[in-house]
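If you count by the working numbering, then the sequence shown holds residues -5 to 118, one letter each, in order.
Bear in mind the hints are in silico, worked out from the structure with no lab data behind them. Predicted, not measured: the structure shown is a model, and the values here were computed from it. Careful: at least some of the hints might be erroneous.
[Unchecked claim] Below are the DSSO-like pairs computed for lysine-lysine, each with C-alpha atoms no more than 30 Å apart in a straight line:
hint, residue 1, residue 2
1, LYS74, LYS108
2, LYS108, LYS73
3, LYS76, LYS108
[As the list claims (entries may be wrong)] Here are the computed distance ranges between Cβ atoms for each label pair:
hint, residue 1, residue 2, range
4, GLU9, ARG43, 13 to 23 Å
5, THR92, PRO57, 17 to 27 Å
6, SER39, THR72, 23 to 33 Å
7, GLN71, HIS36, 28 to 38 Å
8, GLN71, ALA51, 20 to 30 Å
9, GLN60, ASP40, 33 to 43 Å
10, GLN61, PRO8, 19 to 29 Å
11, GLN15, ILE98, 33 to 43 Å
Positions of the beta carbon are idealized from the N, C-alpha and C atoms, including for glycine.
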Amino acid sequence: MLLDSNIIIYSAQPENEFLRQLIAEQTPAVSAVSYVEVLGYHRLSDAERAHFEAFFAEAQVLPLSQQVLDAAVRLRQTKKIKLGDSLVAGTALLHNLTLVTRNIDDFTGIEHLKVLNPFSERLT
């Protein structure tokens, strides 16, 4: 599993215990893009920043390798997709990981990409 930035953020909210449990059970990876998106948000409180820094210290952060960049380029050549989303999708494709996101519409139509919205379906 590869967690999208929105899932990392949602998992910090008290009402989303099921996400914290999913993360603890699956030990998913994250893209370097999510690292930048989450920790780079300029309105994080000190408590939020500490929480996310602790999360990323334990997470497997997958780098933006040349293969990821090439996959993102191919995606952007064939589909209208945001730069960050293309890098996250490219990371998931390269590592053959299911992308866990609440924004499944951002990734619709990407061949061979497995996507899971944990708010509407659960892993079994």
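Hint check:
no. : hint                      : verdict
1   : LYS74 / LYS108            : 18 Å, holds
2   : LYS108 / LYS73            : 16 Å, holds
3   : LYS76 / LYS108            : 18 Å, holds
4   : GLU9 / ARG43: 13 to 23 Å  : 21 Å, holds
5   : THR92 / PRO57: 17 to 27 Å : 19 Å, holds
6   : SER39 / THR72: 23 to 33 Å : 40 Å, violated
7   : GLN71 / HIS36: 28 to 38 Å : 32 Å, holds
8   : GLN71 / ALA51: 20 to 30 Å : 36 Å, violated
9   : GLN60 / ASP40: 33 to 43 Å : 36 Å, holds
10  : GLN61 / PRO8: 19 to 29 Å  : 38 Å, violated
11  : GLN15 / ILE98: 33 to 43 Å : 21 Å, violated
The structure does not agree with the numbered hints 6, 8, 10 and 11 stated previously, though it agrees with the rest.
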